Amino acid sequence: MTPLTEIVLLTLKVSGIALGLATIVGVPLGALLGLSQFRGRSFIVGLVYTGMGLPPVVVGLAVYMTLSRSGPLGDLSMLFTPAAMIAAQVVIALPLIAGISMAAVDGLDQAIRLQLRSLGTSPTQELFSMLLEARLGVLAGIVAGFGGIISEVGAAILVGGNIQGKTRILSTAIVLETRRGNFGLGLALGGVLLSLAFVVNFLLMRLEARWRWRRR
Amino acid sequence: MAEHNENRAYMKTCYSLTYLMLLPLVLVTCTPAQPEVLRLATTTSTYDSGLLEVIAPAFELAYNVDLDIVAVGTGQAIALGEAGDVDVILVHARSHEDAFIQNGFGSERSDVMYNDFILVGPREDPAGIRGMLNAAEALFAVATAEAEFASRGDESGTHTRERQLWEAIGIDPTGATDWYSALGQGMGATLQFAHERGAYTLSDRGTFLALQAGLSNLEILVGGRSIDENEDPNLRNPYGVIAVNPAVHPGVASEFAQQFVSWITSLEIQAQIGEFGLDTYGQPLFYPDSMTWREANP
Chain Z
933 MTPLTEIVLL TLKVSGIALG LATIVGVPLG ALLGLSQFRG RSFIVGLVYT GMGLPPVVVG
993 LAVYMTLSRS GPLGDLSMLF TPAAMIAAQV VIALPLIAGI SMAAVDGLDQ AIRLQLRSLG
1053 TSPTQELFSM LLEARLGVLA GIVAGFGGII SEVGAAILVG GNIQGKTRIL STAIVLETRR
1113 GNFGLGLALG GVLLSLAFVV NFLLMRLEAR WRWRRR
Chain R
82 MAEHNENRAY MKTCYSLTYL MLLPLVLVTC TPAQPEVLRL ATTTSTYDSG LLEVIAPAFE
142 LAYNVDLDIV AVGTGQAIAL GEAGDVDVIL VHARSHEDAF IQNGFGSERS DVMYNDFILV
202 GPREDPAGIR GMLNAAEALF AVATAEAEFA SRGDESGTHT RERQLWEAIG IDPTGATDWY
262 SALGQGMGAT LQFAHERGAY TLSDRGTFLA LQAGLSNLEI LVGGRSIDEN EDPNLRNPYG
322 VIAVNPAVHP GVASEFAQQF VSWITSLEIQ AQIGEFGLDT YGQPLFYPDS MTWREANP
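If you read the sequences in order, they're chains Z and R. Heads up: the first sequence is residues 933 to 1148, going by the numbering used here. Heads up: the second sequence is residues 82 to 379, going by the numbering used here.
No lab work stands behind these hints: they were computed from the structure. Since the model is a prediction, treat every value here as computed from it, not as a measurement. It is possible that part of the hints are untrue.
Listed next, the stretches of chain R that the computed footprint assigns to chain Z, with coverage defined by at least 3 CB atoms under 8 Å from CB atoms of chain Z [what the hints assert, rightly or not]:
#	segment
1	150-156
2	281-295
Looking from chain Z toward chain R, a few residues come up when the C-beta cut is under 8 Å (computed) [said to hold, decoys possible]:
#	residue
3	Thr998
4	Ser1002
5	Pro1004
6	Leu1011
7	Phe1012
8	Arg1045
9	Asn1094
10	Ile1095
11	Lys1098
12	Arg1112
13	Gly1113
Idealized CB from N, CA, C, for every residue including glycine.
Let the hints inform the model, and build the full structure from the sequences given.
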């Protein structure tokens, strides 16, 4: 395996797992927030929206201090491994996915909900049906989460360490080549990163097109 | 009924998507048992130059261990050592290294190699420092002329040295914001800034040589064309290696760390260090300087 394939595969693996985990947690969480009314909801919603603007390097620093041998989870020996990068990326993607899913569900016509209730659906069924209705918006949230982590570098280099063959992903490799003065190579790696993001987004948009067509 | 079918198709897509996303997780958990690992935190100057990539494979082979190299600024490298997140550090900021030992994070510092710092600046040289033999004197001229100066400002080894030079002439330039810019960035970015703005800066020779092609506006003004022409002992840049103290951090791979220390100071590797960069730059980027080397080459 050439170093570049290795880097591309690791990039996909880390961001893929992080996106998967953030989606599994973020979508139901966002839907729940979008559908429920309770005291302090605006506070929680404010927190989620603030999280969407969380600087990745701050996330990286927090994850580093948690996973450091001198930190609370030091015994896990997770620092400078792909798992640490995944942890940081989940934290970055989660508010994006939850926030946009919440807005998508929130924006649905409330009549749908009343109709569902009149059919006697359980709360879980109601949640799933509302998510089904809001799927295009939810997908937009997942796409935003993906965009946020695939190109992220501050947290990845801090908790991953940019170790050759182990935690070097496209974004951190670009930083290294830039530091080395290999601007051309850095830019070329940037092209690879963008192409990768495009392919993933293109596949997701194919899915969107299918869903959109089915709704009509 | 149609609605129901659509629902099921949707759920199927959801499930397959979920499985697809979980697949890599399985792959990660199924990777074979981890080999032994030695973690080294070092400065960008040793890694970005390519030196460690050239010599590291020999160590991995000889001791059957993975050498994981984390290249960061000296300040961060030392912090990683203090936290026990790496097993050994290779850095260049003597005062920080001594403090590291004094605070018990390491028990012994060994000389490894040295190179030198140079003062670079715009070709027009508004402060007139070209050819000066003493860096502190040159900085005094820069301050007097209020010529623009770019500082790393990142607690790196180079930044530490720059501050010592200013202290020696009793000037605290950090308040003089007009001509002094503390960037908080790496050497490459700082040189780039100096090149674009026509500013002076202190650089290690290796990084400047490596990036020189893109820095047409800058030239070496103090320090000469090679280390042999550098007359100022205060511009010497020694690198030291310290194994993290297992008494403070029981989790560190102290045996491998000790082996790394003896390995990198051994005659064979020292000779390799002295040859690195010769063919590309016509001069070595680092000069061997371990005790073993000095005894063998008095």
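*Which numbered hints does this structure break?*
Of the numbered hints, 3, 5, 8 do not hold.
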